[in-house]
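K.L.:
These protein sequence lines are chains A and B, in that order.
Heads up: the first sequence is residues -11 to 237, going by this note's numbering.
Heads up: the second sequence is residues -11 to 237, going by this note's numbering.
It cannot be assumed that every hint is accurate.
[Said to hold, decoys possible] Straight-line C-alpha distance at most 30 angstroms; calculated BS3-like pairs for lysine-lysine:
1. A:Lys177 / B:Lys203
2. A:Lys233 / B:Lys65
3. B:Lys231 / B:Lys(-9)
4. A:Lys(-9) / B:Lys(-9)
5. B:Lys231 / A:Lys65
6. A:Lys65 / B:Lys233
Honestly, the hints are just simulated from the structure, not real lab data.
Number of protein chains: 2
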Amino acid sequence: MGKVEVIPLEGIPEVEEGADVAGLVLASIGRSRVRLRDGDVVVLKQKIVSKAEGRVVRLDAVRPGAEARRLAEAEGKDPRLMELVLRESVRVVRRGHGVVITETTHGFVCANAGVDQSNVGEGRACLLPLDSDLSARRVRSALESRTGRRLAVVVTDTFGRPWRRGQTDVAIGCSGIDPLLSYRGRQDKFGYPLRVTEPAVVDEVAGAAELVMGKLEGVPAAVVRGVVFVRGEGGVRSLIMAKDKDLFR
Amino acid sequence: MGKVEVIPLEGIPEVEEGADVAGLVLASIGRSRVRLRDGDVVVLKQKIVSKAEGRVVRLDAVRPGAEARRLAEAEGKDPRLMELVLRESVRVVRRGHGVVITETTHGFVCANAGVDQSNVGEGRACLLPLDSDLSARRVRSALESRTGRRLAVVVTDTFGRPWRRGQTDVAIGCSGIDPLLSYRGRQDKFGYPLRVTEPAVVDEVAGAAELVMGKLEGVPAAVVRGVVFVRGEGGVRSLIMAKDKDLFR
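Given only the sequences and the hints, what does the whole structure look like? Please build it.
P.N.:
See below:
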């Protein structure tokens, strides 16, 4: 394996509904000295994808139901925000200490179903894309047709995790890249079978990209170059653990 | 933020007990065209650290107790391996489908307490370092005194996670780098407070490094260059979530 480079894509303006995300990425790349190459992974923060897809909601247009009001009261939250969280979720997984962790309609387990009030302006909240694999596929397809390169696209969001403080960026959508590398059936140098070794390469790419994107710098995209991956269209959806194998449901 | 580079350190030989890990890293760097710079993060796989610290155990020297035999029977495991897992753990968190997830003496929650039979040879198992922050500190100190550079060291291992298939590399020890970047008290561009935003930079560095280390290539170390981090000595121990805040205990 060679070197991996993580290149921030700067100067992408505030994204409005209907924006051409692929075009914004290519304009940023055009201004830099980067040229896309076959095998590059273009990483997009969820927020620009959601904004382009019109997934920003005005809180004063949301009428909270009884469950949302109860949850908001218990955890010290805005009931309208909790209403959005419940609409985006199939169940509440845990709550306490002002944190509400749900399973989203996509199958992700995260705080507030990924609904987020930062960087969208007063009185608004941003929801996850309805189908973040599809979002990634559309951008990949547009990037590939305009550049002639074979690319992958990963859409990322910032999730907490059990047992450890802090958050890491993980993949919530991908296209052109299989989420896992599989070593099943391979052996180590002593001949020991690597039975359970399946690196979640999309999540490692997501975390690597966050290192150059930060939270304040207005860098909503990056190129990760040099990653060894398998081309595939399973999407991040295929990464969700089957319910009957999940020890943490 | 600028570019981040992830550089594999190749040609590091099989590590024996008592090996000088810092020396092996510097020899690999010396053979490449990389020179360490201030702010570089040197990432080491747990296995070379554990091997150098003599944390490899012969299974035929392990006498399993009643609990280990019970667990092995239930999950289809080697009872001697289960005995090691229990000795390295403070509690079993979950088990099922042939997986035993425990909380280690360090506070990590992972499969088999990190005890692993790959890449150590037939009839042997490798345990996590007793104190992986101290392991990182020793290597950092040796690297800094021999190079005159200000460096960070992260020791990584491969952990599964709830709800998602596959594994990512995470930090199990660090020195010279604060595990978290904190945006507490900072505001987004609309003035919204970023209350809970603390990227776990050590874990993102660990995942990025895994992208160049792989599982088969015999690359047990990497340099991650260009990362924005805060110098600190809290270690990965400071990343463990306090029991009273942990919704997943």
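K.L.:
A separate judgement is required for each hint: does it hold in the structure or not?
P.N.:
Hints and how they fare:
1. This hinted pair checks out: Lys177 (chain A) and Lys203 (chain B) have alpha carbons roughly 10 angstroms apart, not beyond 30 angstroms.
2. The suggested pairing of Lys233 (chain A) with Lys65 (chain B) holds, with an alpha-carbon distance near 18 angstroms, which does not exceed 30 angstroms.
3. For the hint pairing Lys231 (chain B) with Lys(-9) (chain B), the CA-to-CA distance comes to about 37 angstroms; that exceeds 30 angstroms, so the pair is violated.
4. Taking the CA atoms of Lys(-9) (chain A) and Lys(-9) (chain B), the gap is about 13 angstroms. The hint holds against a cut of 30 angstroms.
5. Of the supplied pair hints, the one linking Lys231 (chain B) and Lys65 (chain A) holds, its CA atoms being roughly 23 angstroms apart against a limit of 30 angstroms.
6. Of the supplied pair hints, the one linking Lys65 (chain A) and Lys233 (chain B) holds, its CA atoms being roughly 18 angstroms apart against a limit of 30 angstroms.
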